[in-house]
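Colleague: Could you build the full structure based on these sequences and the hints that come with them?
Protein chains in written order, with this note's numbering: chain C, 4 to 214; chain E, 4 to 214.
If you're looking for bench data, these hints aren't it; they were derived computationally from the structure.
Hints may contain errors.
If several chains are the same, the list does not tell them apart, and a pair holds so long as it fits within one copy or across any two.
[What the hints assert, rightly or not] List time: in silico PhoX-like cross-link candidates among lysine-lysine, alpha-carbon distance up to 20 Å:
| hint | residue 1 | residue 2 |
| --- | --- | --- |
| 1 | LYS192 | LYS130 |
| 2 | LYS192 | LYS45 |
| 3 | LYS45 | LYS58 |
| 4 | LYS88 | LYS130 |
There are 2 protein chains.
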Amino acid sequence: MKAKELMDKNFVYLNCDDTVIDASLAMEDVRRFTCPVVNENKQLVGWVTSFEITKGLRQGNDKISEIMSGYEEISTVHENDPASKAVILTANNKFVTVPVVNDDNQVIGMVRACDIVELLSELYDIKVYKLYEAMQHQLKGVTWDELMAASALVSKKTTGVKISPEEYEDNIMNSTFGEAIWATGGLEKFFAGLISVGEMVIARKVGKAKK
Amino acid sequence: MKAKELMDKNFVYLNCDDTVIDASLAMEDVRRFTCPVVNENKQLVGWVTSFEITKGLRQGNDKISEIMSGYEEISTVHENDPASKAVILTANNKFVTVPVVNDDNQVIGMVRACDIVELLSELYDIKVYKLYEAMQHQLKGVTWDELMAASALVSKKTTGVKISPEEYEDNIMNSTFGEAIWATGGLEKFFAGLISVGEMVIARKVGKAKK
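Modeller: Here's what the structure looks like:
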């Protein structure tokens, strides 16, 4: 996924000569706390947040050029950069938005923290039983009940707590990938548990075939 | 993970009688675009964003009570709610922050979109080879080279493109879980691919044991 596929195109941009009052109205209208400032060729030259606007309104500044942050202070991503670059910038710098530029340094969109949350939370919200369905589909000839029985055994081995295959099924029907990762203590451990289930199922299949 | 473990405690809160000017200074100082308004018992009674502040400064409003949103318009999470509730609220409503309250409806923190991005991106950024290490650890007696050879075969089967075990290893060393999910077309498919590798490795182990 590229930055341009994740960006919000409904942003406001300002010019150096815009008044602080007009900028505040535009930002309220589109409900954006941050705004790129561009020149006549729509190239990025500065940056304004609501903090500069409130300060400018208090001080009675007239033009955006008097209050904006300079170009050198802005972090950008290129439209063809991987989306993950914008994610990392946002996470490390606690950004609300990261501007997306093209080859000519024109601002063509903004990656917003809330859009990243939406994207990542879709992954986080996948139900665990979907992964078991994928596993069953992959391990041809294994029934759902065999999978649940193996899972209950692996769970007992790992946690020391006895659980029936039916209880196990109830658990995974209602829990998400995100919850499972937190519950098991990380992606690697969650994944190791699933591999362990797969291994047990295959061992049982091989055992049956021998008989 | 609970909402209280994810929340930011370094927030500003306002009172109804605070002036708009003082509020703007406080929000600039801590760099927060959103602020809960509380009563004398620190209970949530209203909400202010930089949009209300800029409007209030333009209009010459004096007190926060004149510009704040009412209590009924605020979405909150309880400190003991699962963190995922704040994630879903943020994703669905494009929030920048969600206030966290206790049993007495006192605001004790704020979950920010950028903090959620940081949390979720840690998961997203895990290197794929870490999952292979977990798989190798789980499938006792399997070497890393056997795992790479099986992976190259599964990859060829799935994509139709021939790849050497060495090339495969290079790929997974440099790619993240997030990238792998996008590349394979979703978590379930990515996971099914890994199960398929595990299956092949086990089949080879069983084959060797028979000889």
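Colleague: Look at each hint and say if it fits the structure.
Modeller: Hint by hint, here is what the structure shows:
1. LYS192 with LYS130: Answer is both; intra-copy 17 Å and inter-copy 14 Å each pass.
2. LYS192 with LYS45: Close neither inside one copy (48 Å) nor across copies (41 Å); limit 20 Å.
3. LYS45 with LYS58: neither (25 Å within a copy, 27 Å between copies)
4. LYS88 with LYS130: Close across copies (15 Å), not inside one copy (27 Å); limit 20 Å.
Hints 2, 3 from the earlier list are contradicted by this structure; the remaining hints agree with it.
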